[in-house]
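Undergrad: Since the structure of chain A is already known, use the hints to place chains B, C and D with the ligands on it.
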Amino acid sequence: MALTVEQAKTWLEDFYTEIEAQKQYLSDLDTPIGDGDHGNNMARGMTAVHEDISDADFASVSDLFKKVAMDLISKVGGASGPLYGTAFLEMSKTAAGSTELKDLVSAALAGIEKRGKATTNEKTMIDVWSPMAEKLNSDEAVSEADIDQFVESTKDMVATKGRASYLGERSVGHIDPGAMSSGYLLKALVKVGA
Amino acid sequence: MALTVEQAKTWLEDFYTEIEAQKQYLSDLDTPIGDGDHGNNMARGMTAVHEDISDADFASVSDLFKKVAMDLISKVGGASGPLYGTAFLEMSKTAAGSTELKDLVSAALAGIEKRGKATTNEKTMIDVWSPMAEKLNSDEAVSEADIDQFVESTKDMVATKGRASYLGERSVGHIDPGAMSSGYLLKALVKVGA
Amino acid sequence: MKKIINDPGNVVPEMVQGLVRSNSDIVELIPNTEAVVRADKESMKGKVGIVSGGGSGHEPTHAGFVGKGMLSAAVCGEVFTSPTPDQIFEAIKASNTGSGVFLVIKNYSGDVMNFEMAQDMAEMEDIPVKSVVVDDDIAVENSTYTQGRRGVAGTLFMHKILGAAADLGASLDDLEALSKQVLPNIKTIAVALSGATVPEVGKPGFTLADDEIEYGVGIHGEPGYRREKLQPSKALVEELVGKLKAEFNFKPGEKYAVIVNGMGATPLMEQYIFMNDVLDKLADEKLEVVFTKVGNLMTSLDMAGISLSLFKIEDDRMVDGLKHEVKTIAW
Amino acid sequence: MKKIINDPGNVVPEMVQGLVRSNSDIVELIPNTEAVVRADKESMKGKVGIVSGGGSGHEPTHAGFVGKGMLSAAVCGEVFTSPTPDQIFEAIKASNTGSGVFLVIKNYSGDVMNFEMAQDMAEMEDIPVKSVVVDDDIAVENSTYTQGRRGVAGTLFMHKILGAAADLGASLDDLEALSKQVLPNIKTIAVALSGATVPEVGKPGFTLADDEIEYGVGIHGEPGYRREKLQPSKALVEELVGKLKAEFNFKPGEKYAVIVNGMGATPLMEQYIFMNDVLDKLADEKLEVVFTKVGNLMTSLDMAGISLSLFKIEDDRMVDGLKHEVKTIAW
Ligand SMILES: Nc1ncnc2c1ncn2[C@@H]1O[C@H](COP(=O)(O)OP(=O)(O)O)[C@@H](O)[C@H]1O
Ligand SMILES: Nc1ncnc2c1ncn2[C@@H]1O[C@H](COP(=O)(O)OP(=O)(O)O)[C@@H](O)[C@H]1O
Ligand SMILES: [Mg+2]
Ligand SMILES: [Mg+2]
Ligand SMILES: [Mg+2]
Ligand SMILES: [Mg+2]
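Protein chains in written order, with the working numbering: chain A, 25 to 218; chain B, 25 to 218; chain C, 4 to 334; chain D, 4 to 334.
Isolated chain A, as found in the complex (with noise of 0.2 Å):
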């Protein structure tokens, strides 16, 4: 279950397929509970990625999440931007040693928590995120399946961070969109079978 580069690579390419797919649909998730822009955000920082992977040779693993890491620093911005960014930053640190899926997820996940000082059950990304780490570090398969119902279950949580928090009681009822966003990546990692 290590990734190596060309797994990465696709890994990355078909994240960037899916969020250009799912663009609208992303931005249409966070139209009732944010600010109907996370589809152009994502959009935004995966193109770059793109263009800036997609014919270029990295060394290892961690060099190409550190340009990733740059990449969605500098074009996402919002929220989501700080929060991709760190993962990835902190992914590529983690790579210099392991690219253990177990190992990358979790210091993705920490990095997550720690930009945004929030936790579970607050209805953000974390919420797939972290029971993503906790199946992979008890040495539990996750099928594609189960990261859907990671995000599906953001659905009923109540906001308490991010701009979706504004909503209060009225944010349940809606997926997060920052959920779904990772619920593609985690996916697309899924299906690289590393």
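Hints should not be assumed to be uniformly reliable.
Stated by the list, open to error - With a cut-off of at most 30 Å between alpha-carbon atoms, the simulated DSS-like pairs for lysine-lysine come out as follows:
| # | chain 1 | residue 1 | chain 2 | residue 2 |
| --- | --- | --- | --- | --- |
| 1 | B | Lys138 | B | Lys91 |
| 2 | B | Lys126 | B | Lys33 |
| 3 | C | Lys232 | D | Lys206 |
| 4 | D | Lys330 | C | Lys258 |
| 5 | D | Lys330 | C | Lys71 |
| 6 | D | Lys237 | D | Lys284 |
| 7 | C | Lys330 | D | Lys326 |
| 8 | D | Lys246 | C | Lys5 |
| 9 | B | Lys141 | C | Lys183 |
| 10 | A | Lys47 | C | Lys232 |
| 11 | D | Lys5 | C | Lys237 |
| 12 | A | Lys138 | D | Lys96 |
As the list claims (entries may be wrong) - In silico contact screen, one side only, chain C against chain D (beta carbon under 10 Å); selected entries:
| # | residue |
| --- | --- |
| 13 | Met4 |
| 14 | Ser25 |
| 15 | Pro63 |
| 16 | Asp214 |
| 17 | Gly267 |
For the record, the hints were derived by calculation from the structure and aren't laboratory data.
Fair warning: this is a prediction, and the values are worked out from it, not measured in the lab.
A virtual CB, placed ideally from N, CA and C, is assigned to each residue, including glycine.
TA: Leaving out everything else, chains B, C and D with the ligands in the frame of chain A:
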């Protein structure tokens, strides 16, 4: 055919009532070829006139007209304020000597022409005042139907003065709002039977 | 009609109150009028007064331009309706410190007549008064047989130049001569994306389809010269600068001042994007831009749209006038 | 969507270009960014820099408040989207003349995180940086377990006070202390008449019926606390001042500064009428109003509506700060 103070008051009160009733219609006429305020403008002025004359006594027609002129000048604004104001100011001057209808109307017409630097066939109130003065000066009787026809004649004209002139040829097919309000004024005058 | 007002018939006095009460260091109400005069009386001493005004609904025009270095007083008429002569006369009196008063009038039949009557009243009281009638809107064909062109946002150039000159001590005759020099060199053209709603009327003066614009609309929603589908900013600039070019007969190396004016409901973001395209286009024409201003300066209530005003600079002292320091609410 | 733009994906750079090109005496572009810094470098020498920024679409905020006496630099993010740390870091570097930089951040998760990352970057290069997170929007319930209150138009009080202090030579520590003194005393509440349309989205973020308003809406169209039928200005004032009263716990004789802020599509006429009613209401409450400002200051694109900000003055030096002279595009 000389106007008394009582008749003059009746005239102006009738005009006030008519303006109140036709306020919306006058503004509607002013919408396609102007700025849609002629009814409001006239109503603002005639409300002031009504308040100032209904319970007051006037020593002469001249005094009464002076009061009316001042109210119209200071309350109406726009194009119609100075025009009607000047008309009553000139009628006030003339009334010191004669209150014959033909003298009054001729004085008003001269005032309007001077103030507006306009002449007949420019699709303005002059196209009502001018034929009215002409008929009176040739000692012909003027019926309400005659006045309706003066007003109606502005419909086919091209405006070359006032706001409607910005429309050029496109002003054709619409009755001039100032001609309509002048029609009301002169029909009310005919009705008092001086 | 969705407006933050109380009584549609009372919007002007309430607005003027709000304006004066929140800017008492700059303007004060002239008693018993809807006109305002500079609070800084010291700045008017020995200077010719500059008075302007017109219908309300164009805020910050005109009251927002009263203050040291610009207007001495401004008269606020009913919405889109010329003010009355008695109010203009009060503004003239309040602005006269002995050197006379210069009137800046926009070319509408109502404004011209009311200001002329006020001028008559002032002359009867021996106050020397001169005036200029601004007619910068090139959307209207000019002809001696018509009312002629309307006065729109280019009028602000006149206010600024005359205000600066008066501040520096120009006489009434100087100001008249200066106004004649400025007048033929200011031209404006607008494009509207939506009509304006006068509170007492309650519905827009005209309506445009969701994808329609109208070129050449006046500041009271007077009709323009063409309707068409919404265009990108660059195409709007192409059309509007094209019209101005034909009027000015641009020659490479000429100097221009530029105002991009929002009509009321158009965000500043769009105004800056439009200005960016205007500057590109004027550079293509090899013109030198010596002064720029962007903002909601002469609005039409809630109309969406923009007007573009150019001022051809034939004398560099005009630039000094444009840059002369002022203390107003809105310049 | 009816907007004067070219490419919806390119509105920010084109707007920033237009803004900088038409105000080159006041601001200049920081190379390779969408951030602007003061043109007047002399005014920054030996002073602590003040940097703010956020998503675009709030013009004239923030770039319009860059200039001597106010901000040193402003970072323009994508529309309604926090700017990125690298751009903020460039603004910090451009504003640092050796005395450090103070950041004014509005309390949105994105802004806080991006500014924090920029602050980390600056500290790695040994630039001393401190910051304040403004959370003046009382529409949102406050709680340590949530994101907390949003930063909205009351932030302008913070910019003005800190800008004046920095101009007079305050140190980074002084500014931090001052910001802590100001923060609890600024509170804002808004009412929206219509939603804003982000160019890349193409449709309004929310829609209201023809006769409907929403209290408490945020500057990105975040939901408010109640929808109801359109009310007269006086009733809106009653509601909004009522909310502020409950927060401040008004006591007779207290001094307040007041900002009435247009959200973008609301005419100045309505803003002045609203201010007139606000001043009446505050007088009823026996409060003393020591400073007022009215205008489109922190907008939300083409949203119609108004926000009302109060700043409780506990120290008269704050009034000096508010009145301190500045040279900016829009203050
Ligand atoms: N403090 C936080 N911790 C973790 N995730 C957060 C936090 N704040 C926001 N998010 C995530 O960011 C997503 C919104 O991203 P986006 O729409 O791109 O940014 P913005 O809210 O600035 O418009 C949310 O759906 C949520 O998953
Ligand atoms: N120069 C003029 N001479 C004569 N009548 C004029 C002139 N200009 C305008 N009018 C009259 O004034 C009327 C418009 O009045 P009104 O709507 O009250 O003023 P405004 O045009 O300022 O809104 C026109 O219908 C026309 O009859
Ligand atoms: Mg969002
Ligand atoms: Mg009219
Ligand atoms: Mg009118
Ligand atoms: Mg956002």
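Undergrad: For each hint, tell me whether it holds in the structure or not.
TA: Going through the hints against the structure:
1. B:Lys138 x B:Lys91: holds, 21 Å
2. B:Lys126 x B:Lys33: holds, 18 Å
3. C:Lys232 x D:Lys206: Holds, because 18 Å separates the two Cα atoms, which is no more than 30 Å.
4. D:Lys330 x C:Lys258: Between Lys330 of chain D and Lys258 of chain C the Cα gap is close to 26 Å, so the pair holds against 30 Å.
5. D:Lys330 x C:Lys71: holds, 17 Å
6. D:Lys237 x D:Lys284: At roughly 9 Å apart (the allowed maximum being 30 Å), Lys284 of chain D and Lys237 of chain D satisfy the hint.
7. C:Lys330 x D:Lys326: Distance of about 13 Å is within 30 Å: holds.
8. D:Lys246 x C:Lys5: holds, 23 Å
9. B:Lys141 x C:Lys183: holds, 22 Å
10. A:Lys47 x C:Lys232: holds, 29 Å
11. D:Lys5 x C:Lys237: Holds, at roughly 15 Å.
12. A:Lys138 x D:Lys96: holds, 26 Å
13. Met4: holds, 9 Å
14. Ser25: Since the shortest Cβ distance to chain D is 4 Å, the answer is holds.
15. Pro63: holds, 6 Å
16. Asp214: With a closest approach of 7 Å, the Asp214 of chain C hint holds.
17. Gly267: Where the cut-off is 10 Å and the nearest Cβ of chain D is about 5 Å from Gly267 of chain C, the hint holds.
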